[in-house]
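Single-letter residue listing:
2 protein chains.
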Amino acid sequence: MVKTVLIVCDGMGDLPDAKGRTPLSAAKKPNMDRLAAEGISGLMHTIGRGIIPGSDTAHLALFGYDPRCYYSGRGVFEALGANLKLEHGDVAFRCNFATVGKGMGIIDRRAGRIDSAEAKVLGKALDGMKIDGVKVVFKPTVEHRAALVLRGKGLSCRITDADPHEGEKVKVLAVKPLDKSKEAARTAKVLNEFVKRSYEILERHPLNLKRKKAGLLTANIALPRGAGIYEKPPLLKERFGVKAGCVAGGALYKGVAKFVGMDVVDVKGATGALDTDVMAKGKAALALLRKGYDLVFVHVKGTDNCGHDGDFDGKKKMIERIDAMVGLLVKGCGKDVCIAITADHTTSCMKKRHSSEPTPFALWGPGIRRDEVRKFDELSCEKGGLGQFIGLDVMPMLLDLMNKEHVYGA
Amino acid sequence: MVKTVLIVCDGMGDLPDAKGRTPLSAAKKPNMDRLAAEGISGLMHTIGRGIIPGSDTAHLALFGYDPRCYYSGRGVFEALGANLKLEHGDVAFRCNFATVGKGMGIIDRRAGRIDSAEAKVLGKALDGMKIDGVKVVFKPTVEHRAALVLRGKGLSCRITDADPHEGEKVKVLAVKPLDKSKEAARTAKVLNEFVKRSYEILERHPLNLKRKKAGLLTANIALPRGAGIYEKPPLLKERFGVKAGCVAGGALYKGVAKFVGMDVVDVKGATGALDTDVMAKGKAALALLRKGYDLVFVHVKGTDNCGHDGDFDGKKKMIERIDAMVGLLVKGCGKDVCIAITADHTTSCMKKRHSSEPTPFALWGPGIRRDEVRKFDELSCEKGGLGQFIGLDVMPMLLDLMNKEHVYGA
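Protein sequences appear in the order of chains E and C. Counting in our numbering, the first sequence runs from 1 upward without gaps. Counting in our numbering, the second sequence runs from 1 upward without gaps.
Hints in this document: simulated from the structure, not taken from any laboratory. C-beta: ideal position from N, C-alpha, C; glycine also. A couple of the hints might just be wrong.
Label pairs and their in silico Cβ distance ranges [unchecked claim]: (1) E/E231 - C/F389: 34 to 40 Å; (2) E/R197 - C/G409: 57 to 63 Å; (3) C/G409 - E/M350: 35 to 41 Å; (4) C/G128 - E/C69: 47 to 53 Å; (5) C/A324 - E/E231: 55 to 61 Å; (6) E/P233 - C/E166: 29 to 35 Å; (7) C/C69 - E/R290: 42 to 48 Å; (8) E/R374 - C/D179: 50 to 56 Å; (9) E/E231 - C/K352: 39 to 45 Å; (10) E/H308 - C/E166: 52 to 58 Å.
To give an idea of the chain C side of the interface with chain E (calculated C-beta under 8 Å), a few residues [what the hints assert, rightly or not]: (11) A58; (12) G226; (13) K352; (14) E357; (15) E382; (16) L392.
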């Protein structure tokens with residue numbers, strides 16, 4: 001039985017700089033190049049040509065779930081990634097603790113990047129409240145970040161954000177329904193009430209009074225965004241008979257993995273940031289293979305962070321660190337394992353944002369056709385034997401390699 | 001007027017062996033290479049990326065019929081291939097004569113590969129019966145193989161198989177409806193009754209009593225599978241104004257060809273197996289061109305058989321024999337003929353099954369763009385000027401070459 005490791009280096013694809021180099025083409029990455037040289041390569045349009053993928057929609061597509069059917073908002077994945085259990089019909093949000101002044105003007109969207117321990121104490125004050133028959137579940141994650149779930153009958157995710165997204169000098173937004181349903185109207189009302197109460201509770205919370213005395217910014221409001229409704233999808237196991245495991249640091253990626261039914265392992269040192277322990281991730285992936293998982297998804301986030309910061313050299317170095325993990329996997333995975341490596345999307349160091357250009361993709365392992373590509377980068381993979389394809393093509397290809405695909409017809 | 005020959009070598013695509021060779025890359029096939037060198041090549045995903053095609057769905061796609069619309073089960077094509085005339089609403093099946101014990105346990109799924117003449121006699125005893133107002137049409141084809149048609153109002157193909165598919169030591173399956181419609185429930189009931197009666201009739205059939213005495217396995221039951229409902233599609237002639245003919249040995253391929261409205265010629269020595277007379281097929285194709293057919297479909301099955309048997313050398317030799325037929329066609333077809341050559345899917349000698357990798361495709365003839373591909377094999381066609389495309393793209397390309405395509409717009 002062939003097993004598969006799918007390595008996704010977030011935002012690893014890039015656009016050329018003035019010298020025509022990308023972080024990937026400039027990096028020393030003998031192991032990624034080996035995958036390309038001994039395997040088959042191509043370019044992947046994760047969602048479709050010209051469409052800029054979000055990290056959540058991109059991963060859904062890679063896992064074989066068309067985001068046009070399975071995506072309503074990132075809140076669902078944030079909540080699952082925060083280890084909350086969701087029930088069918090729950091509406092979930094990503095939240096920030098923030099600092100606001102008296103007129104609801106934003107002073108700091110991240111409440112002075114309050115530390116996780118303090119956020120946990122404040123979060124308890126918001127968790128469990130009831131608003132108009134709707135139960136509120138609130139769970140802080142890392143620093144100012146938190147997940148919020150509204151649970152009750154007749155809720156909708158068709159509402160706007162309370163978080164104005166922009167930095168300072170704007171006001172908290174009143175949440176509005178995005179359609180004319182009574183569900184959307186009701187959910188907007190409940191969410192506005194939640195934001196109001198969060199201010200009332202947090203503004204006079206002893207911990208915030210202490211912070212104020214110490215001259216620190218208070219975390220005196222919770223700002224939800226990214227409403228998504230949870231509707232349980234058919235899981236990977238049910239759809240394809242695949243036992244899948246996830247090695248990731250970032251909550252969003254863990255959340256998407258859980259959504260499709262992957263088992264998420266906690267890896268010490270996997271932070272979802274530049275300081276992540278990539279080798280620990282590689283070892284965790286090998287352990288999952290040994291435990292009998294058919295499909296192991298490994299996510300590394302740092303490349304995307306560098307792209308957003310416009311840090312070409314940082315991104316190049318992160319790629320070189322990931323390459324060492326790839327080497328560990330190639331060496332340790334055994335003869336019955338295929339490795340696929342790609343990015344979920346392109347993050348341009350120049351544009352400091354996601355962009356729509358396709359990402360390099362390489363597939364390596366037993367019984368895979370080869371091509372003449374020798375390097376793993378944007379330009380080399382253009383000439384690959386896989387040609388150009390979309391993210392939703394990936395899972396069927398991997399399933400066939402794993403002998404989990406069925407013949408269509410007879 | 002340009003005419004086209006479409007040569008489909010069943011399962012000819014393959015995956016590389018340890019030395020990186022495929023049967024196609026290892027074979028001496030100067031004529032196929034000539035088509036690639038003088039024409040344009042590419043890779044075809046017959047159904048779509050990562051999807052493993054069946055032979056029936058693959059040929060539907062190649063003929064321009066989306067299997068998602070036109071495919072309900074192989075039974076239809078088996079019945080048409082067995083020269084049965086189908087009526088709109090008929091539900092058709094592939095059947096095996098099999099040997100069962102008293103408790104309906106399978107002793108031999110192929111009734112000791114009973115010969116065609118004896119099967120014909122037994123088949124007569126099943127043909128024409130009436131069950132609950134449904135007419136039964138039963139026709140043996142080759143050895144243990146037969147086609148079955150249920151004709152009547154309110155039938156459905158949404159039912160399971162009676163044939164357990166696996167070899168020995170399993171029981172005949174009770175047919176079950178696959179949805180909650182009354183049509184499916186009724187059809188399942190009728191089919192179960194047919195299987196029961198086939199046992200009652202065949203078990204005491206004089207021919208079987210004779211076989212028993214002679215120590216041979218009896219063909220004491222008929223086991224249907226692959227239910228498909230016949231709904232008459234628009235034919236090639238109506239859709240495209242194309243007069244199409246078919247040269248094939250296997251019943252399934254003849255069936256798909258008839259389904260889309262091709263005239264099927266009987267070729268002496270075309271067996272649908274390794275011993276087929278490929279040169280006779282080539283001559284028959286040339287004869288159809290001379291008779292004014294616009295499109296001639298030539299199917300050769302042997303390559304697929306070798307793939308399923310894991311016989312690399314046999315597949316290579318079969319390709320070399322097919323190449324001689326290609327030479328005959330190239331030489332004899334005249335200046336106004338295009339030849340397209342491909343496989344319906346990849347059949348891996350290593351995996352001994354169909355797999356999803358795309359198949360080589362070459363197009364040769366007057367007025368066709370050329371590329372730099374010089375050999376006809378999996379690796380060479382990767383670099384072809386046709387790029388990568390799907391099976392449903394083929395017919396529009398051929399129609400345009402034949403001047404049968406219309407401008408879309410003005």
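Taking the hints in turn, this is what the structure says about them:
1. E/E231 - C/F389: 34 to 40 Å: 35 Å, holds
2. E/R197 - C/G409: 57 to 63 Å: Hint holds: Cβ distance 59 Å, inside 57 to 63 Å.
3. C/G409 - E/M350: 35 to 41 Å: Holds - the Cβ-Cβ distance for C/G409 and E/M350, about 39 Å, lies within 35 to 41 Å.
4. C/G128 - E/C69: 47 to 53 Å: Holds, since C/G128 and E/C69 (Cβ atoms, about 48 Å apart) stay within the stated range.
5. C/A324 - E/E231: 55 to 61 Å: 59 Å, holds
6. E/P233 - C/E166: 29 to 35 Å: At 32 Å between Cβs, range holds.
7. C/C69 - E/R290: 42 to 48 Å: Check passed, 45 Å falls within 42 to 48 Å.
8. E/R374 - C/D179: 50 to 56 Å: Once the Cβ atoms are compared, 52 Å apart, the range 50 to 56 Å for C/D179 and E/R374 holds.
9. E/E231 - C/K352: 39 to 45 Å: Since the Cβ atoms of E/E231 and C/K352 sit about 40 Å apart, the hinted range of 39 to 45 Å holds.
10. E/H308 - C/E166: 52 to 58 Å: 55 Å, holds
11. A58: C/A58 check passes; min Cβ-Cβ to chain E is 7 Å, inside 8 Å.
12. G226: 6 Å, holds
13. K352: Violated, about 11 Å.
14. E357: 6 Å, holds
15. E382: 4 Å, holds
16. L392: 13 Å, violated
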